[in-house]
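**Student:** Spelled out, the chains give:
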Amino acid sequence: GIQVEQSPPDLILQEGANSTLRCNFSDSVNNLQWFHQNPWGQLINLFYIPSGTKQNGRLSATTVATERYSLLYISSSQTTDSGVYFCAVLMIYNQGGKLIFGQGTELSVKP
Amino acid sequence: NAGVTQTPKFQVLKTGQSMTLQCAQDMNHNSMYWYRQDPGMGLRLIYYSASEGTTDKGEVPNGYNVSRLNKREFSLRLESAAPSQTSVYFCASILYGSTDTQYFGPGTRLTVL
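Top line first, the protein sequences correspond to chains F and W. Every position in the first sequence, counted from 1, becomes a number in this note's numbering once 49 is added. Every position in the second sequence, counted from 1, becomes a number in this note's numbering once 396 is added.
What the hints contain is simulated information worked out from the structure, not anything from laboratory work. Because the structure is a prediction, the values reported are computed rather than measured. It cannot be assumed that every hint is accurate.
[Claimed, not checked] Across the chosen pairs, the derived CB separations fall in these ranges:
#	chain 1	residue 1	chain 2	residue 2	range
1	F	I61	W	K405	25 to 35 Å
2	W	K453	F	N79	13 to 23 Å
3	W	E455	F	E155	19 to 29 Å
4	W	V484	F	T115	19 to 29 Å
5	W	R440	F	E116	20 to 30 Å
6	F	T129	W	V484	17 to 27 Å
7	F	T129	W	P435	35 to 45 Å
8	F	I93	W	E455	21 to 31 Å
9	F	P160	W	G399	29 to 39 Å
[To be verified] Below, in silico cross-link-like pairs of lysine to any residue (SDA-like), each with a Cα-Cα straight-line distance of 20 Å or less:
#	chain 1	residue 1	chain 2	residue 2
10	W	K405	F	N87
11	W	K405	F	Q152
12	W	K405	F	G90
13	W	K453	W	N466
14	W	K453	W	K467
15	W	K453	F	M140
16	W	K453	F	Y122
17	W	K405	F	G50
18	F	K103	F	Y122
19	W	K453	F	Q52
20	W	K405	W	L491
A virtual CB, placed ideally from N, CA and C, is assigned to each residue, including glycine.
Could you build all of it, start to finish, from the sequences and the hints given here?
**Tutor:** In structure tokens:
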């Protein structure tokens, strides 16, 4: 089956620093999504980005589908950015689609 | 519009007991999913329902059953709980075929003693 790999597994930043998270996937996908899981466990959609670039405030994401990777950029990081960031790819399967998740990048932003 | 709701939020079971986790969505989504998340790991798909009346196994279906009761509700049943099923369970839904993203419930934290 498709493999989804994220790097780095852990990241510690000083508040105000920038970072780039990477997601590699092993096969063609129909779409790719980025999620943030906050320290209380809640999963929040960040981006739906099968290709191209999107920006939302301090966060932006780029997916290069032909090269099978996606990047999540966090600029001017804040302590509230802490948590785990997951990418997930949607595979078409039977009558529907299912998401395959990477293992996540755990981000800790220090004040 | 409550989104995706799950009950209960917390549960402690003894080995061999059974229980049903409930999930409902009010977004008129056609596809619903159950995942489990173990410490330090990503989410693994247990079962999913592409549409009302259909269910399919995911990556880790053993020990679980599901019911798609109607378009809104998708339940997950543990017939005989085992300590290996201690985990956080998330329900999710999506309007498959659209450009929408998957929406997650708040999770159920289950401990099996």
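**Student:** Hints broken by the structure, by number, lowest first?
**Tutor:** 4, 7, 11, 16, 17, 20
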